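With these hints in hand, go ahead and build the complete structure from the sequences.
There are 2 protein chains.
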Amino acid sequence: MEVANGKNNNTTMISVEIGMEVHKVEAPPQISSLRKLNTRLKETFFPDDPLRQFKGQSVKNKWILGAQYAFPILKWGPEYTLKSFKSDIVAGLTIASLAIPQGISYAKLANLPPIVGLYSSFVPPLIYAVLGSSRDLAVGPVSIASLVMGSMLRQQVNPVTDQVLFLQLAFTSTFFAGLFQASLGFLRLGFIIDFLSKATLIGFMAGAAIIVSLQQLKSLLGITHFTKKMGLVPVLSSVFRETDEWSWQTILMGFCFLVFLIVTRHISIKKPKLFWISAGAPLLSVILSTLFVFAFKAQNHGVSIIGNLEKGLNPPSWNMLQFHGSHLGLVMKTGLITGILSLTEGIAVGRTFAALKNYQVDGNKEMIAIGLMNVVGSSTSCYVTTGAFSRSAVNHNAGAKSAFSNIVMSVTVMVTLLFLMPLFRYTPNVVLGAIIVTAVIGLIDIPAAYQIWKIDKYDFIVMLCAFLGVILISVQDGLAIAVGISVLKVLLQITRPKIVMFGNIPGSDIFRNIHQYKEAVKIPGFLILSIEAPINFANITYLNDRISRWIEDCEEEDETQKHCELRFVILDLSAVSAIDTSGVSFFKDLRRVFDKKNLELVLVNPIGEVMEKLQRSDDTSDLMKPDTLFLTVGEAVTMLMSTMKHHV
Amino acid sequence: MEVANGKNNNTTMISVEIGMEVHKVEAPPQISSLRKLNTRLKETFFPDDPLRQFKGQSVKNKWILGAQYAFPILKWGPEYTLKSFKSDIVAGLTIASLAIPQGISYAKLANLPPIVGLYSSFVPPLIYAVLGSSRDLAVGPVSIASLVMGSMLRQQVNPVTDQVLFLQLAFTSTFFAGLFQASLGFLRLGFIIDFLSKATLIGFMAGAAIIVSLQQLKSLLGITHFTKKMGLVPVLSSVFRETDEWSWQTILMGFCFLVFLIVTRHISIKKPKLFWISAGAPLLSVILSTLFVFAFKAQNHGVSIIGNLEKGLNPPSWNMLQFHGSHLGLVMKTGLITGILSLTEGIAVGRTFAALKNYQVDGNKEMIAIGLMNVVGSSTSCYVTTGAFSRSAVNHNAGAKSAFSNIVMSVTVMVTLLFLMPLFRYTPNVVLGAIIVTAVIGLIDIPAAYQIWKIDKYDFIVMLCAFLGVILISVQDGLAIAVGISVLKVLLQITRPKIVMFGNIPGSDIFRNIHQYKEAVKIPGFLILSIEAPINFANITYLNDRISRWIEDCEEEDETQKHCELRFVILDLSAVSAIDTSGVSFFKDLRRVFDKKNLELVLVNPIGEVMEKLQRSDDTSDLMKPDTLFLTVGEAVTMLMSTMKHHV
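As given, the protein sequences belong to chains A and B, one line each in that order. Going by my numbering, the first sequence opens with residue 5, and the numbers climb by one from there. Going by my numbering, the second sequence opens with residue 5, and the numbers climb by one from there.
Bear in mind the hints are in silico, worked out from the structure with no lab data behind them. Hints may be right or wrong, so weigh each one.
Any copy will do: because identical chains look the same in the list, a pair fits if it lies in one copy or spans two.
Stated by the list, open to error - Computed cross-link-like contacts, BS3-like style, restricted to lysine-lysine with a CA-CA straight-line distance of at most 27 angstroms: (1) Lys87 <-> Lys275; (2) Lys592 <-> Lys502; (3) Lys592 <-> Lys28; (4) Lys592 <-> Lys493; (5) Lys526 <-> Lys601; (6) Lys79 <-> Lys361; (7) Lys369 <-> Lys629; (8) Lys369 <-> Lys493; (9) Lys493 <-> Lys28; (10) Lys337 <-> Lys40; (11) Lys493 <-> Lys337; (12) Lys87 <-> Lys233; (13) Lys28 <-> Lys526; (14) Lys369 <-> Lys522; (15) Lys405 <-> Lys59.
Quantities reported herein were computed from a predicted structural model and do not represent experimental measurements.
See below:
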């Protein structure tokens, strides 16, 4: 299409349409402030309208639906079939074979006794099976929350010398984590976890994976005197300072199992049908390595082993919760951070698999389920648990049909706790390290990082900050920095909103950004700007500066090119989604300044709220004169051009 | 106009336009990331393009312009006329008569020796006259910054027993305030003060006015044992506990002068031409009350007086600045808060009068001027100063033409400092209290508060929080709470963006919100939604929930009303000003979910950045198929309806 860029052409285009009807801008219907508040609160806290299904039901049905709402098991339980049962048995046994070695390993990551990891795979899955609404979530301890809890508590308490106190703090943190998670759900504040953006999480998880892997160098190299710090620098310097403690037997064994686990993991990634290879590999490694140590008495040759483990089910631990004393601040903070992190993982996993199978997961309800699970867990010797990604993927691939697979897993763990614990006595720590490393390597997502780099450079910076913050400063600071930068970006978008200049697309009454649409032409005498953000206290100064710069630019151009003089400044408000009192006075000031410059301010398409507030503040009807308020830019230009002609 | 609300009518309307041309959505031209970053940085830090005037000038001119840019006095100095000179002399003398009693009073408000208030009216105005770009700003100490500095420093140091230390901390705070202000200007971060919204400031100033007035009860009632706290409750209980200390002579005198000052103030408000009445009243009160005390020896009858004052100009005080020790944190915090507050007042005053006289004030340059003025002030025995609203209004009304009136005021204060100080010996404290109360009463702006209530209820809450926070908790906490709530509102707007349903305005191809435009009609088979916020990590979960609720609503309605089935979901992205990686994956997920429901996702008018990011992420060309991407909703509906017909 030829780019029409002359004055004559424009007036022709415009005059063709001069017969068109002009539409009035309307204010929205009057609604009381109370009803507006009500709507606003509903949109803020109940965007998914959870009570929708109760509408128009009988009282009895409402009770049934309510019970099913609170306990999803009542919904899928009655419809449960033998076929699903068989699938769930297989899936449950598969995830149990993964849960047992992972439980022991993650507990060690959190500086807790290995058996706590198994306790945590017994009680919480049972609770979740009753309360949870995801069909694929497999519940248990996860690497990142374990790492964060261990490292935060270790700042104040030594897990080796003060073992009981450390355990008390871990359970209390778990209690607070659960309380916090459940409160978020009850208060419908679940959107708080949305502030952990995808970019933040990718950077954070990659950093955490590296931190976790570095910690495993202790067991993989067989070092006994290891630093208590978590950062990249102190750990590496500690590793290379203690080279005389390296044990070749341990290193060899660790290397073999690490290769074995990574190879099996890759096979399962390549061929998802062979999921059971990577699912069974950890347990197989544990069994093989234990037999090996037992047969060759390797524990006497520098290979450290788990040692004696108690038999029996979870002992009660409510008497170990501590709600006073000098560590209260620490456990609350630890609970908050591990709570948010584990919640984020659990919700994300639930949503991912729900989308795959096309069913809905209610975020706030899930939070309550996960939260209650942790509150109960904290009084039955469990630490923080959530829906784990790797385990849920195995559960899904193994064909799980419902939360019943969690019950199967739980029963399997129970049997282990009751009868099989002595078998783990000779399990070498090095194989646990290898299991952890293999699990966390999957958290480093290079393709996703590349995709972010390709799409959005600022997001990439956020990701990088999270990553570097975690490996160089600390896990919680890295997270805080990344969230801070994400929020700063959003605030910056508000503080510096986009204003674009519109031009007419020839042969139509459409007006669009002249930088995006090269064929769009300016209309002489008009400056058409579109503001693309809410107008509020944070940006009126900028808007003022920017608009006067546009006008100066325009006037200079007029002078040099001898175009006709600038007469009208049209502000397209279609994209102004909200306005506050500062924004209202911005328009008043603008009108006053324009009057002095002999310019006419024309507003186009203010949306409901904006229209309403402008009207309410407009005692003198100065802003909302009908001849300076239009529904579309096209109509505004057409009308104003015709009045210009009449005046000339 | 008749509301057309049937299916037939719509299809008629649409078929009329079926011959229209369909316009292509274009991506913006390719720009390198570096150039984008450059543009972004320029918009963020140089929205006013301060270097514009240097473009295309000769080197010599550039030097001259540069010098004029740094020292505005070089710009207006050479053009200065005798007529302006006469006006400035009058204005300068007028504001000096206000500055002397106010200086003494505000210094007492900050728990500083009265003479520091006069020092602060001597040096800073001279600095501002050279560096400042406002023609109306009258510089000196102000009530709010004085109050905040006094109350914050008093938390840790007793101003009576530790007088020297208190003075050192005050000067050091002033230094930090100036440093902070100048840095904001140099780093072009001036937009930070924009976060103090109008609503926040109105509430804050009203609260501060009440706190200040309550403090004056000490001198107005003649109480000697007064509480050191600032809150409403402790002050009132202290006042009524010490009723035996009330002195009727003081109360009577205070009452007379208070009435006199308030009446003169009202006269000047009613008739701005009589500005000199309220401008001269404080000085007249000081003279009258001093003569009265001297004549009747009232100091022996329970009327407390200022006492002996030293003669002489500002002594240097750079040796009193303390950059170490236990109070460093306090002075930095005090400097930061008083710096922001005084900067906000100074900039707002400058902008107000610039708008009245239609000239420009460069915010960042003003910050540098005010900042340097305070840095110099801190080493010449001055405390925090800025452009004061009341004083600048008098300056403006008295006909000031340039910053030269500040020099006149400064010289007058100098003469006072050199020769007239002994005259203030018998000035009663009660008259200073009356002057302060009269000055701060003007800060309580009831009509503005009512206007805010009328326009925006949320802003009213922000205002109320600032007000109550200041009078019930503390000045700085009240401010922090209000800023926090303001930012929360902005974040909430992002987290819960508006989505509105569009309908067709009969007889046109315009689509608008069906709640705002009652005549707009839905098109059967189409769900047309407009998203009015950037799409990012903080809102994709909400958008997902909300869009699926719209679809469910629409499908239910289809069932009951037997309309034709929902086929197309059109998302109008005109108002989506930005998108991030989470937003991009939101669209991909949406397309996937829609595919399963047999719905077509159609995007309309994505703006430059959004278009670009969607394209870049769209390896499979799934999102950007030409038949699901349109420039206007009208064209999208027309085209899709015609394809529907062909298929049926």
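Evaluated hints:
1. When the C-alpha separation of Lys87 and Lys275 is checked against a cutoff of 27 angstroms, the pair qualifies only within one copy, where the shortest distance is 25 angstroms, while the shortest distance between copies is 91 angstroms.
2. In this assembly of identical chains, Lys592 and Lys502 lie within 27 angstroms of each other by CA distance both inside one copy and across copies; the values are 21 angstroms within and 25 angstroms between.
3. Taking the closest pair of Cα atoms, Lys592 and Lys28 come within 27 angstroms of each other only inside a single copy of the chain (21 angstroms); across copies the shortest separation is 37 angstroms, beyond that limit.
4. Proximity of Lys592 to Lys493 under the C-alpha cut-off of 27 angstroms is restricted to the inter-copy arrangement: shortest distance 23 angstroms between copies versus 29 angstroms within a copy.
5. With identical chains, the CA atoms of Lys526 and Lys601 are at most 27 angstroms apart within one copy only, with a shortest distance of 21 angstroms there and 43 angstroms across copies.
6. Within a single copy, Lys79 and Lys361 get their C-alpha atoms as close as 17 angstroms, which meets the 27 angstroms cut-off; across copies the closest is 72 angstroms, which misses it.
7. In this assembly of identical chains, the alpha carbons of Lys369 and Lys629 never lie at most 27 angstroms apart, being 50 angstroms within a copy and 37 angstroms across copies at closest.
8. With identical chains, the CA atoms of Lys369 and Lys493 are at most 27 angstroms apart between copies only, with a shortest distance of 26 angstroms across copies and 30 angstroms within one.
9. When the C-alpha separation of Lys493 and Lys28 is checked against a cutoff of 27 angstroms, the pair qualifies neither within a copy, at 37 angstroms, nor between copies, at 31 angstroms.
10. Neither within a single protomer nor between protomers do Lys337 and Lys40 lie at most 27 angstroms apart by alpha-carbon distance, with minima of 37 angstroms and 40 angstroms respectively.
11. In this homomeric assembly, Lys493 and Lys337 come within 27 angstroms of each other (Cα to Cα) both inside a single copy, at 26 angstroms, and across copies, at 26 angstroms.
12. For a Cα distance limit of 27 angstroms, the shortest separation of Lys87 from Lys233 qualifies neither inside one copy, at 51 angstroms, nor across copies, at 74 angstroms.
13. Taking CA atoms no more than 27 angstroms apart as the test, Lys28 paired with Lys526 passes in both settings, with 25 angstroms inside one copy and 19 angstroms between copies.
14. For the identical chains of this complex, Lys369 and Lys522 are neighbours neither inside a copy (50 angstroms) nor across copies (37 angstroms), given an alpha-carbon limit of 27 angstroms.
15. In this homomeric assembly, Lys405 and Lys59 never come within 27 angstroms of each other (Cα to Cα): the closest approach is 29 angstroms inside a single copy and 71 angstroms across copies.
In the structure shown, a violation is registered for the earlier hints numbered 7, 9, 10, 12, 14, 15, in ascending order.
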